[in-house]
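Enquirer: Chains as they are written, first to last, in the numbering used here: chain R, 24 to 518; chain X, 4 to 140.
Quick caveat, the hints were computed from the structure, so don't treat them as lab data.
This one's a predicted model, so the numbers in the text were calculated from it and none came from an experiment.
Among the clues, some could well be false.
[Unchecked claim] Among chain R residues calculated to face chain X with C-beta under 8 Å, some are:
id: 1; residue: 112
id: 2; residue: 301
id: 3; residue: 305
id: 4; residue: 308
id: 5; residue: 313
id: 6; residue: 315
id: 7; residue: 317
id: 8; residue: 319
id: 9; residue: 336
id: 10; residue: 341
id: 11; residue: 342
id: 12; residue: 344
[Said to hold, decoys possible] To give an idea of the chain X side of the interface with chain R (calculated C-beta under 10 Å), a few residues:
id: 13; residue: 14
id: 14; residue: 17
id: 15; residue: 20
id: 16; residue: 23
id: 17; residue: 69
id: 18; residue: 70
id: 19; residue: 90
id: 20; residue: 93
id: 21; residue: 100
id: 22; residue: 120
id: 23; residue: 122
id: 24; residue: 123
id: 25; residue: 127
id: 26; residue: 131
[As the list claims (entries may be wrong)] Straight-line C-alpha distance at most 25 Å; calculated SDA-like pairs for lysine to any residue:
id: 27; chain 1: R; residue 1: 458; chain 2: X; residue 2: 106
id: 28; chain 1: R; residue 1: 499; chain 2: R; residue 2: 428
id: 29; chain 1: R; residue 1: 463; chain 2: X; residue 2: 45
id: 30; chain 1: R; residue 1: 339; chain 2: X; residue 2: 106
id: 31; chain 1: R; residue 1: 459; chain 2: X; residue 2: 82
id: 32; chain 1: X; residue 1: 23; chain 2: R; residue 2: 314
id: 33; chain 1: X; residue 1: 39; chain 2: R; residue 2: 226
id: 34; chain 1: R; residue 1: 499; chain 2: X; residue 2: 73
id: 35; chain 1: X; residue 1: 106; chain 2: R; residue 2: 499
id: 36; chain 1: X; residue 1: 39; chain 2: R; residue 2: 433
In this text, a Cβ means the ideal position worked out from N, Cα and C, and glycines have one as well.
Here are the chains, one letter per residue:
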Amino acid sequence: MKALKHFWLDKTNEIVESSKSILNTNSIYTITDSKGIIEYANDNFCKILDCNVNTIIGERHELMNSEFQSIEENENLWSTLKEGEEWRGVLTDKLKNGESISLKTTIFPIKYGNQNKFKFLSIYEDISKCMTLNQKIDKDEALYKFIYKSIKIGIIIVTDDNGSIIKWNEGAEKAFGYSEFEILGQHFSVLMIEKHKNSKISDLLGLLKRYKTVKKSEVLELKCLNKQGEEFSVELIVNKWDIEGKRYTILKMLDITKRVTFQNKLKQKTKELELFFYRSAHDLNAPFSSAQGLINLIKEEESIEKIQILIEMLEKTINHAKVFSDGLSNASLISKLSNELKIIDFPTLVDDVLKMLKRESKFENIKFNVDIENCHSFKSNPDLLLVVFKNLIQNAIKYSYVQSECHAPFIDIKVTSSDNEVVILIGDNGKGIAKKELNKIFKLYYRTEAEHCLGTNGLGLYIVKNIVESLNGKIKVESEINKGACFVIKIPRTI
Amino acid sequence: MKINYMLIDDREIDLFINQKIIEKFSTESNFKTFTKAKLALEYLDSLDNQASLESMFFPDIILLDINMPEMNGFQFLNKFSELNSEKLNTIKIYMLSSTTNLKDIIDAEQHSACSGFIDKPLSVRRIQQITQEFVLD
């Protein structure tokens, strides 16, 4: 017996001999003393553990004391054995090559002598292959489960053949607002908008097919309904699969609300920009054409008085062009919105604006009621705010009524502040804006009927609105014809 | 020859210039000017419903600006076409604009109600040409 090492304990020898008669040649077994020191190991054991018999005899049985066993398991093993009971379980260890080995083990305590002396006969069955496979499946499953559960941006819904929801991930919960408990068992069509309310899975697949042929896209874009009854846009992929004769459908969706909103905003901005270019090109050209026409007339005119009139008209035309180019340079300011924010000194800002507007006609006769609250270091873009104030105050001046015995024109300029926002109010008792025009005045190149002859560029309020929006603020206007207009701007404080 | 011109332009200076240019070559012309296309259209509509046109200003040629607030030149042309009036059919409408937008020029040339496109500023030579076209027709 090659596996036998230096000394033979009588008992061990006996046990080995008797074991041989019980166990067949394929068996794997060891004999250890009561402390777990290996006294005998058969060839099969050495082969499996990839070790030389000479190096393990007299050593502690690593499997029985393995660090890969949990402490509880180890204690259980020894307490069982000490009571003279046989122990069954799986022992694992790592081989030299790094692979782990699992042995289904039965340990028999064999009592000898009069005292409570034991030797242990351990019989093993190598179940490593089957264990690793199981572990791998467990691991994979855990991994997929983790991935599936943790996909918060993606919506994954699994339905059975009837379309009833049987799986519901966190992304779905987040997007639709139903908890897993609420939704499981419900038909998937509760998530669809009215148009698709009676859809079956087959309808979805049909829709997808049409989409594929028409739009050459594998992904369906449609609207869904959340728990609150709000619609939102998703991209949808539908897959089917069969397990053990049962058919399942998996709906994978991506909430594209943000993208769609962004796309729409972009479309709107592109439209505005196109109009802007179109109108700007025209409005830049128009005064030049007029000037050219006037000059042609001047050239052929002989009467000095008539020439004088034409020159006055030329001057007016040039002023008009100036108003327009001012508007354009203001407009270009918006796109240059720098991120550098400064503490706004509202009193100085309003003062500067009033100085700028001093030469406007009617300015002298208007009473300006400036009321500015301390805004506690409100930070914003001073250049842009200047444009806002200038445009609104300029408009208020432009549409003021001339001072008379029964009319004293005034303009209120008020700034108030709270913890989270600053409110700017510019009000007047001027001509006001007709109700039907109120929602149009912020449009690009919109001119009211009254503005028609005032030489305005149709850019002012459009620019103001864009600036306010770029500062995440809101602008509102209230007005009544002949009673005046009041613009209120709310700008949130930035953190 | 006496020609009736209707001028539609939101810019009063341009209305003035155009009228002066036309007067340079034909002193006998009559004018009716509008700063709003909508009012011009209403006027034309009223002509259409009139039993007798006597003592009414009936335009032979309309010079129409393109870029105007509320109702622009193209909107005017469309509305004018919708009137679908035989009486008004004889009127020649020209679009007059300082636009550099090629699409506007092409759209003007191709519009069934529009007889052609004229660059601003209007020149004596061009208005002569147009008036002759009208007379020959």
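Enquirer: Next, verify each hint and record whether it holds.
Expert: Status of the hints after comparison with the structure:
no. : hint          : in the structure
1   : 112           : violated (86 Å)
2   : 301           : holds (6 Å)
3   : 305           : holds (5 Å)
4   : 308           : holds (4 Å)
5   : 313           : holds (5 Å)
6   : 315           : holds (5 Å)
7   : 317           : holds (6 Å)
8   : 319           : holds (6 Å)
9   : 336           : holds (5 Å)
10  : 341           : violated (11 Å)
11  : 342           : violated (11 Å)
12  : 344           : violated (11 Å)
13  : 14            : holds (6 Å)
14  : 17            : holds (6 Å)
15  : 20            : holds (4 Å)
16  : 23            : holds (5 Å)
17  : 69            : holds (8 Å)
18  : 70            : holds (5 Å)
19  : 90            : violated (30 Å)
20  : 93            : violated (28 Å)
21  : 100           : holds (8 Å)
22  : 120           : violated (14 Å)
23  : 122           : holds (8 Å)
24  : 123           : holds (4 Å)
25  : 127           : holds (9 Å)
26  : 131           : violated (15 Å)
27  : R:458 x X:106 : violated (35 Å)
28  : R:499 x R:428 : violated (32 Å)
29  : R:463 x X:45  : holds (24 Å)
30  : R:339 x X:106 : violated (30 Å)
31  : R:459 x X:82  : holds (22 Å)
32  : X:23 x R:314  : holds (14 Å)
33  : X:39 x R:226  : violated (55 Å)
34  : R:499 x X:73  : holds (23 Å)
35  : X:106 x R:499 : violated (37 Å)
36  : X:39 x R:433  : violated (32 Å)
The earlier numbered hints that this structure contradicts are 1, 10, 11, 12, 19, 20, 22, 26, 27, 28, 30, 33, 35 and 36.
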